[in-house]
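Asks: Each chain is listed here by its residues.
Protein chains: 4
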Amino acid sequence: MAGATFGSILTLSTFGESHGPAMGGILSGCPSGLSLDFEAINLELARRKPGQSAIVTQRKEPDQVRFLSGIYEGVTTGGPIGFVIENANQKSGDYDHLKSVYRPSHADYTYEKKYGHRDHRGGGRASARETVSWVVAGAIAKQIIPQVHIAAYVSAVGPYEFSGTVDQQGLKLVEQNILRAPNLDWAHEMEEFIKSVRKDGDTVGGVISCVASGVPLGWGSPIFDKLHANLGKAMLTINAVKGFEYGSGFAGAKMRGSAHNDLYTESGGTQTNNSGGIQGGISNGEPIFFRVAFKPVATLMQAQEVLDQEGNIKTQSGKGRHDPCVVPRAVPIVEAMTALVLADAYLLDRTTKI
Amino acid sequence: MAGATFGSILTLSTFGESHGPAMGGILSGCPSGLSLDFEAINLELARRKPGQSAIVTQRKEPDQVRFLSGIYEGVTTGGPIGFVIENANQKSGDYDHLKSVYRPSHADYTYEKKYGHRDHRGGGRASARETVSWVVAGAIAKQIIPQVHIAAYVSAVGPYEFSGTVDQQGLKLVEQNILRAPNLDWAHEMEEFIKSVRKDGDTVGGVISCVASGVPLGWGSPIFDKLHANLGKAMLTINAVKGFEYGSGFAGAKMRGSAHNDLYTESGGTQTNNSGGIQGGISNGEPIFFRVAFKPVATLMQAQEVLDQEGNIKTQSGKGRHDPCVVPRAVPIVEAMTALVLADAYLLDRTTKI
Amino acid sequence: MAGATFGSILTLSTFGESHGPAMGGILSGCPSGLSLDFEAINLELARRKPGQSAIVTQRKEPDQVRFLSGIYEGVTTGGPIGFVIENANQKSGDYDHLKSVYRPSHADYTYEKKYGHRDHRGGGRASARETVSWVVAGAIAKQIIPQVHIAAYVSAVGPYEFSGTVDQQGLKLVEQNILRAPNLDWAHEMEEFIKSVRKDGDTVGGVISCVASGVPLGWGSPIFDKLHANLGKAMLTINAVKGFEYGSGFAGAKMRGSAHNDLYTESGGTQTNNSGGIQGGISNGEPIFFRVAFKPVATLMQAQEVLDQEGNIKTQSGKGRHDPCVVPRAVPIVEAMTALVLADAYLLDRTTKI
Amino acid sequence: MAGATFGSILTLSTFGESHGPAMGGILSGCPSGLSLDFEAINLELARRKPGQSAIVTQRKEPDQVRFLSGIYEGVTTGGPIGFVIENANQKSGDYDHLKSVYRPSHADYTYEKKYGHRDHRGGGRASARETVSWVVAGAIAKQIIPQVHIAAYVSAVGPYEFSGTVDQQGLKLVEQNILRAPNLDWAHEMEEFIKSVRKDGDTVGGVISCVASGVPLGWGSPIFDKLHANLGKAMLTINAVKGFEYGSGFAGAKMRGSAHNDLYTESGGTQTNNSGGIQGGISNGEPIFFRVAFKPVATLMQAQEVLDQEGNIKTQSGKGRHDPCVVPRAVPIVEAMTALVLADAYLLDRTTKI
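In order, the protein sequences belong to chains Y, V, E and D. FYI, in the working numbering the residues of the first sequence are 1 to 354. FYI, in the working numbering the residues of the second sequence are 1 to 354. FYI, in the working numbering the residues of the third sequence are 1 to 354. FYI, in the working numbering the residues of the fourth sequence are 1 to 354.
Please note: incorrect hints may appear among the correct ones.
Which copy? The list can't say, so a pair holds if one copy fits it or any two copies do.
Using 20 angstroms as the maximum straight-line C-alpha spacing, the simulated SDA-like pairs for lysine to any residue come out as follows [what the hints assert, rightly or not]:
#1 99 <-> 312
#2 353 <-> 285
#3 172 <-> 251
#4 314 <-> 189
#5 49 <-> 62
#6 314 <-> 268
#7 113 <-> 75
#8 195 <-> 217
#9 353 <-> 171
#10 113 <-> 255
#11 353 <-> 143
#12 314 <-> 266
#13 172 <-> 43
Hint data in this document are derived by calculation from the structure and do not stem from the laboratory. Given the structure is predicted, the values throughout are model-derived calculations rather than measurements.
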């Protein structure tokens with residue numbers, strides 16, 4: 001059904017609630033004959049994992065993926081890859097206070113009204129724990145398209161936007177700081193800022209930028225599955241995302257055509273990249289570039305008003321273990337969803353010409 | 001195949017190139033028993049039509065839709081609604097100069113490299129003429145959900161953002177000015193600005209905002225077809241769109257959670273609407289609100305560099321009849337795609353509960 | 001939506017009612033660069049056309065297809081191929097007597113109860129006129145896979161089954177007799193039989209067999225889109241079809257494994273073909289072979305009981321121009337649907353290996 | 001991707017190889033608020049389980065399903081229902097002799113040639129063990145449509161067709177004999193026959209009939225997802241199935257229209273049911289009736305020729321534990337697939353009218 005599956009050739013279906021027995025999914029359409037690098041998969045899971053640093057949630061989740069099918073002697077068979085990640089560290093008691101109340105800017109209320117019934121523990125199906133399955137699938141997708149290099153990084157935290165240029169050097173720094181920023185000084189500054197926000201019992205939003213280089217000319221579809229539309233949908237699928245722009249984005253809307261157009265080089269490349277690597281929904285061989293806006297986490301460690309099932313407004317403080325700023329941990333998630341979209345576009349492109 | 005169809009229950013498939021014989025499509029899944037208001041459909045086509053005013057392209061396209069099926073005695077039968085819009089005013093000669101060149105920031109180059117073959121006339125399949133079919137389908141979709149009122153308007157032109165508040169009064173003004181702005185003074189100012197841009201042989205981008213009110217609580221899906229993700233994909237599907245944000249959007253990324261959270265009223269509404277009417281991918285009963293960034297039109301009426309098939313850079317001026325600023329004519333297109341997404345979500349929601 | 005589209009990579013969406021303005025469809029996912037043989041398309045339409053001989057309906061339908069997109073200078077562009085076939089010969093008056101009655105074993109009653117509203121003329125959407133669009137699409141699909149030769153023929157009419165062997169010689173005879181049988185003597189006998197049935201104002205069923213040779217090893221999917229399951233669904237989609245069997249079929253159910261198993265030759269072929277060219281849902285390189293059962297046409301030229309909208313049983317005779325036996329004209333339809341399934345499997349197979 | 005998922009609103013995706021760690025799947029689109037009867041699910045698993053009687057395989061599989069999501073406090077939440085069935089009893093050593101050979105009329109050869117790589121143990125993905133997941137999903141689907149009663153039974157074994165009438169009384173006998181026949185005498189006779197076949201180291205095919213009563217008028221789609229086409233595809237998806245017919249089926253092809261047409265009763269029912277409960281792809285309120293042909297199991301307990309990877313023909317005997325006749329155990333599988341198709345049609349039908 002709508003909502004059950006992501007992708008067209010390479011498809012991911014998932015299941016799981018944050019405090020149910022396990023998360024998991026099925027990745028179908030992965031070509032046969034791919035020798036999987038399991039260490040690379042585990043590395044992506046480790047990048048997403050809570051409790052990595054002082055500025056993220058201190059929940060402990062082992063996040064060990066167990067592959068159940070589609071792989072034989074380390075090589076993909078072409079069959080569906082089923083996998084499960086057990087939910088080991090469930091402190092469901094942490095959520096008893098939420099059984100009959102709706103937290104502001106959470107999905108509690110809309111889920112309960114739509115479905116008439118919900119698993120309130122830890123957000124249930126609405127929890128960002130869901131993304132653990134995306135990271136597994138994305139780590140495989142990356143291996144389907146080894147020619148492509150996907151690198152996301154934090155480019156803004158709250159009102160502070162990183163103003164420097166991001167080159168290959170900067171991208172290499174991303175995994176060397178807990179903020180996942182392309183500059184160590186700025187990263188340090190932002191960590192201090194996030195700590196101060198947390199001390200206030202508050203949270204803050206941010207922006208992740210992503211570059212996919214090595215995508216050859218020709219991936220994507222012209223009308224209803226434009227490459228950037230699929231990327232945009234993928235990003236807007238991530239919890240807490242409020243906006244997506246590619247290439248010149250919202251800033252491009254302010255420009256004149258004479259300044260915005262990307263003039264060609266003789267080799268068919270472009271001198272500028274306001275197009276963000278995509279023309280008419282199809283990759284043009286330049287790096288694909290986009291930005292993703294995340295709202296501040298809705299769960300606060302300070303008192304705020306909630307609604308209860310009887311229609312009363314109450315005051316309640318957040319409990320449990322939560323991120324004061326979600327962007328550092330969302331970096332591998334952005335990359336995973338990007339990889340799923342690009343690997344799918346790659347496979348579909350194989351059917352283009354006679 | 002991927003790219004052929006839009007929607008899940010209510011689906012639109014389209015065909016056509018701007019200088020082929022006709023555009024058209026099939027709208028499937030439209031419920032039976034709907035007495036169609038054909039005047040309303042024609043009105044939407046008229047709103048999209050070129051040549052409406054001094055600030056849009058002067059091409060004349062009659063844009064008469066011919067329905068071929070799915071309607072009997074004015075009422076939908078539940079069968080697929082096939083329709084065709086003939087391409088009456090084809091000045092293909094206008095495009096001879098483009099046969100062997102690739103214009104900057106157009107899809108010419110990516111199409112030819114992907115498919116090895118293209119209809120170069122008027123952009124072929126990449127032309128925004130495609131949107132005429134979306135407007136037909138969207139006008140029907142609006143009638144499936146009469147309780148919903150969708151109103152889009154121009155909120156920025158180039159660097160000039162409309163700074164006032166937009167209320168019901170403002171929304172009523174939108175069809176009273178050729179800019180489709182919610183304020184007549186600002187509209188007049190912007191018209192002058194666009195005329196000056198055109199005089200320079202240049203173009204300029206802009207932003208369209210859209211409000212959908214009357215959407216009841218519960219439409220949308222929690223994970224892979226979040227309501228805002230489907231809206232974002234729909235908007236990114238429109239030609240020239242570079243970005244999408246809903247509710248607080250990119251500005252929300254700068255905020256703290258304590259300021260961003262939308263506190264409830266006792267009736268289950270919210271006091272603010274940073275959520276843009278959607279929580280966890282599901283409508284919450286508040287107005288749905290989003291913004292869409294359009295790049296400046298790539299075709300300039302001034303000399304600029306193009307690439308030819310032999311790899312030479314040449315200088316060429318745009319010919320033909322083009323919009324200096326696309327946003328006024330894109331307003332009904334934004335509404336049409338919004339209507340398709342919402343009517344689809346409405347139908348799918350009927351299958352939710354036992 | 002479900003029911004709107006056929007296929008996964010190569011997809012066909014259709015529209016039209018037999019007495020509406022036109023039939024038509026969109027074929028998406030056809031690879032670019034295919035030089036279309038339009039004569040071959042027209043030939044298939046001519047094979048399906050009514051009025052070809054004394055044993056089929058005498059309705060005249062010019063059945064001229066007009067291509068609206070996806071083809072430039074005779075070559076496919078990779079874009080959706082839109083096409084329309086006007087309904088030229090509408091004698092809607094022939095159907096006035098059906099407005100308020102439901103004919104036995106027609107879709108009149110189920111359509112009206114499901115949709116609450118129907119176009120009663122000529123069966124509306126339920127008419128086999130729909131298949132004209134399938135034949136257009138199938139004729140293109142055949143050209144996507146020129147290595148494959150698809151040959152269907154009439155193998156039974158009413159109780160008379162053709163008992164001889166069908167070899168290449170027989171297949172060549174099929175277009176040389178109006179029954180489309182692989183043997184001229186038997187064809188002549190059957191024509192006489194059908195004429196006698198028609199003289200009684202009656203109709204009769206029959207069986208079509210189909211062989212697809214040249215399908216290489218490896219097309220199809222293992223579980224939910226087994227090649228024979230997709231073929232079976234395609235055949236059961238054709239009006240009046242009541243059964244499908246492939247390879248040994250229902251007769252195979254009576255056999256022992258020791259007799260049924262197809263032993264290999266050293267080259268990987270098989271000595272027998274009870275498998276019908278498919279193992280585990282995947283083509284094995286042997287000819288694909290299946291049989292399709294058609295019920296007798298429900299419209300009789302003799303008095304029979306019908307139900308009216310007030311719940312009365314009345315007596316009524318069929319009017320209009322109808323086939324006494326549908327199988328001769330269904331031969332190109334069986335081939336068209338087979339071609340759509342196989343070309344789709346071919347394209348999907350391109351995505352199988354890394 | 002094609003092949004990954006079954007259904008349109010209610011969708012089942014599965015994974016697993018017979019000798020991998022586990023089988024499992026995700027059932028999406030199940031409405032919320034359904035209080036699941038877990039005993040009924042276990043009962044269906046027990047019906048499918050090997051080792052039930054002397055005429056089926058003696059493999060022991062505990063077949064305990066573990067639900068991982070989509071159910072909270074015993075009630076469906078509307079989220080995807082993930083489930084896993086561990087593969088407890090893997091005697092992989094039983095299959096070492098198959099590593100480099102291809103068994104006749106198995107999927108060994110086509111899988112290896114298509115994918116270049118396979119899990120040879122127990123048939124891998126091609127194993128009928130896959131159906132354990134379908135039975136879990138089908139058992140839930142039955143609970144979505146409690147008004148429908150689905151009853152399958154063995155109606156032929158090898159050359160022996162049950163010739164008596166099958167009434168409600170007969171259907172009640174089905175679970176009282178290990179053959180799952182609607183008549184105890186005939187069941188006993190057939191058991192003896194199957195035992196004699198097994199004694200010969202041979203296998204034999206058979207036919208399963210299925211009746212779905214209580215389906216209201218109006219389920220199904222007119223063109224590309226006709227209810228009987230979806231049922232046919234579902235049946236042809238089951239391992240070893242070679243044919244499908246509904247209502248009068250292949251026998252109907254031999255009849256005249258005057259005898260075949262189902263005349264109405266005044267209440268809108270029909271006096272006969274050659275239509276098999278479906279008209280024009282839509283249920284007509286009469287019992288849905290169809291028959292499914294199963295070939296004899298390909299694995300024999302006698303010496304037969306196999307092909308090895310070097311292209312040599314060798315002689316080999318089957319090892320392991322296999323069914324001499326698959327139809328008794330396939331009865332619950334036929335019912336499960338029927339339930340998935342019907343529940344999906346029921347949900348889709350909710351979107352039909354305005």
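Asks: Checking residue 314 and residue 268: alpha-carbon separation at most 20 angstroms within a copy, between copies, both or neither?
Replies: between (62 angstroms within a copy, 13 angstroms between copies)
Asks: Between residue 113 and residue 255, at a C-alpha cutoff of 20 angstroms, which is it: within one copy, between copies, both, or neither?
Replies: Answer is neither: 44 angstroms inside a copy and 28 angstroms across each miss the 20 angstroms cutoff.
Asks: Should residue 353 paired with residue 171 be assigned to within, between, both, or neither, using CA atoms and 20 angstroms as the limit?
Replies: Classified as neither; 36 angstroms inside a copy, 32 angstroms across copies.
Asks: For residue 314 and residue 266, with the copy left unspecified, which applies at a CA distance of at most 20 angstroms: within, between, both, or neither?
Replies: between (66 angstroms within a copy, 10 angstroms between copies)
Asks: When Cα atoms must be at most 20 angstroms apart, do residue 172 and residue 43 count as within-copy, between-copy, both, or neither?
Replies: Within one copy only: 16 angstroms inside, 55 angstroms across.
Asks: How do residue 172 and residue 251 come out at 20 angstroms by Cα distance, when the copy is not named: within, between, both, or neither?
Replies: Neither. Shortest intra-copy (27 angstroms) and inter-copy (28 angstroms) distances fail the 20 angstroms Cα cut-off.
Asks: Between the shortest in-copy and the shortest cross-copy C-alpha distance, which are at most 20 angstroms for residue 353 and residue 143: within, between, both, or neither?
Replies: Classified as between; 13 angstroms across copies, 24 angstroms inside a copy.
Asks: How do residue 113 and residue 75 come out at 20 angstroms by Cα distance, when the copy is not named: within, between, both, or neither?
Replies: Between copies only: 16 angstroms across, 45 angstroms inside.
Asks: Pop the pair residue 195 and residue 217 into one bin, within, between, both or neither, using alpha-carbon distances up to 20 angstroms.
Replies: neither (43 angstroms within a copy, 36 angstroms between copies)
Asks: Within a copy, between copies, both or neither: where do residue 314 and residue 189 come within 20 angstroms Cα-Cα?
Replies: For residue 314 and residue 189, the Cα distance exceeds 20 angstroms both inside one copy (36 angstroms) and across copies (48 angstroms).
Asks: At most 20 angstroms between alpha carbons: which applies to residue 99 and residue 312, within, between, both or neither?
Replies: within (14 angstroms within a copy, 58 angstroms between copies)
Asks: My question is about residue 353 and residue 285: at a cut-off of 20 angstroms on alpha-carbon distance, are they close within one copy, between copies, both, or neither?
Replies: within (18 angstroms within a copy, 24 angstroms between copies)
Of the numbered hints listed earlier, those contradicted by the structure are 3, 4, 8, 9 and 10.
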